[in-house]
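Engineer: The primary structure of each chain is shown beneath.
There are 4 protein chains.
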Amino acid sequence: MANIEQCITDCLDCHSVCLSTISHCLAKGGDHAATHHIRLLQDCAQICMTSADFMLRGSPLDQMICRICGGVCELCADECAKMADDDAMVLCAETCRRCGKSCGEMAGADRKAA
Amino acid sequence: MANIEQCITDCLDCHSVCLSTISHCLAKGGDHAATHHIRLLQDCAQICMTSADFMLRGSPLDQMICRICGGVCELCADECAKMADDDAMVLCAETCRRCGKSCGEMAGADRKAA
Amino acid sequence: MANIEQCITDCLDCHSVCLSTISHCLAKGGDHAATHHIRLLQDCAQICMTSADFMLRGSPLDQMICRICGGVCELCADECAKMADDDAMVLCAETCRRCGKSCGEMAGADRKAA
Amino acid sequence: MANIEQCITDCLDCHSVCLSTISHCLAKGGDHAATHHIRLLQDCAQICMTSADFMLRGSPLDQMICRICGGVCELCADECAKMADDDAMVLCAETCRRCGKSCGEMAGADRKAA
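Chains as they are written, first to last, in the working numbering: chain A, 72 to 185; chain B, 72 to 185; chain C, 72 to 185; chain D, 72 to 185.
Be aware that a few hints might be false.
Intra- or inter-copy, both count: the list cannot distinguish identical chains.
Cut-off 25 Å, straight-line C-alpha distance, at most; resulting in silico cross-link-like pairs (SDA-like, lysine to any residue) [to be verified]:
(1) K172 with A155
(2) K99 with L132
(3) K172 with V161
(4) K172 with Q134
(5) K99 with G179
(6) K99 with E145
(7) K172 with D156
(8) K99 with E165
(9) K153 with R138
(10) K172 with E145
(11) K153 with A73
(12) K153 with P131
(13) K99 with E176
(14) K99 with I75
(15) K172 with M154
(16) K99 with P131
(17) K172 with P131
(18) K99 with E76
The set of hints was computed from the structure by calculation and includes no laboratory data.
If you're wondering where the values come from, they're calculated on a predicted model, not measured in any experiment.
Next up, chain A with everything else stripped away, as it sits in the complex:
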């Protein structure tokens, strides 16, 4: 069942992990610092923050943003999961996956009191 407090927490966590993972990836260089990879982490960090903020405001548009956010998180999780020999990427993949699932549930939930 969708839980808005949990979804806010998952979005803030995902925002945080994506941002710190960007600095990790830049320091590693190579594939980790590829434009499309860093950009996806930036996209994910920003849409997670946006999604959290819509929920925190009690916006009636939160499910629309959560649907998009969930999709971006899944893409980011897929990308990070390809670098499974790096603990930081595994953590990022898991955090994105959890947020993607949480946002997907919010997006599909019956209208809840905000």
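Given chain A, work out where chains B, C and D should sit, using these hints.
Structural biologist: Just chains B, C and D now, with coordinates in the frame of chain A:
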């Protein structure tokens, strides 16, 4: 035809006008300061910034965000247009409408080089 | 002693509480919805997010932002504490106070590894 | 003389140019994609947006944020100016320098009506 530079400009303008309109509405009070009205202006300001940033990064996900952004802008334009005896609200409605149209075109455009 | 992980958590908490308190204040109306009060909550929410993000990136400029952020949090705590007959404002005041203290410690700390 | 509308425009421009320069730098790789360089562009993009938003809200705290923002812009201008054989970096350096000057003037200005 969709023009990404124009759409970025429209999103930044809409972000700016929505933010300054919030302070205007709070100062006026009454219907202008109703929760759902201020919240919609906050939502619109934030999604416009998010949308501009996705385009500025050259993200391949920009059309997905522009589609959502365009929808929020149209809702905000409709709300602001109801207060047509207030010049600040007319300006806000027009700015949101222009951004909504611009984002709608971006969202529906053939894939452009980023 | 300054703890960067704790300070990030405090900034994210303060961002979240300020944002949801804005909607609470708009719904209550009256003094709660005064322009200067809502604006200070907006300022506090945004500088807390900015401060958290600088720390999450491992930026060498984090202490500069924490100093400013701590100051804004203290101002916001003072304002919210004036409405002590409202549980939501008490919670907001306490959260801002904690973040203000945490940011003040970070700002004054010896240079830590980021 | 400080001009708040000009300063808002300069901050939004600087935010935009820094964000698109990040993608340019990642694509180039090498020194352009060094962690400290990308991070400074991220820091500059974010503080410029924050600064613009404080001014757009009419916040009485805008000069405090402009002072910090001006400092970050100057640092970023210095860094980008080191890569003077790349037109994108020259543009970024000039944009940061202009914003740094504009924010410095705002920060030092007599209190203006907001």
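Engineer: Taking the hints in turn, state whether each one holds.
Structural biologist: Comparing the hints with the structure gives:
no. : hint           : in the structure
1   : K172 with A155 : within (20 Å within a copy, 39 Å between copies)
2   : K99 with L132  : between (38 Å within a copy, 21 Å between copies)
3   : K172 with V161 : within (17 Å within a copy, 34 Å between copies)
4   : K172 with Q134 : both (13 Å within a copy, 22 Å between copies)
5   : K99 with G179  : neither (38 Å within a copy, 30 Å between copies)
6   : K99 with E145  : within (23 Å within a copy, 27 Å between copies)
7   : K172 with D156 : within (24 Å within a copy, 39 Å between copies)
8   : K99 with E165  : within (20 Å within a copy, 30 Å between copies)
9   : K153 with R138 : within (24 Å within a copy, 29 Å between copies)
10  : K172 with E145 : within (8 Å within a copy, 29 Å between copies)
11  : K153 with A73  : neither (29 Å within a copy, 34 Å between copies)
12  : K153 with P131 : between (36 Å within a copy, 19 Å between copies)
13  : K99 with E176  : neither (34 Å within a copy, 31 Å between copies)
14  : K99 with I75   : between (36 Å within a copy, 22 Å between copies)
15  : K172 with M154 : within (21 Å within a copy, 39 Å between copies)
16  : K99 with P131  : between (41 Å within a copy, 19 Å between copies)
17  : K172 with P131 : both (20 Å within a copy, 22 Å between copies)
18  : K99 with E76   : between (35 Å within a copy, 22 Å between copies)
Checked against the numbered hints given earlier, the structure breaks hints 5, 11 and 13 and satisfies all the rest.
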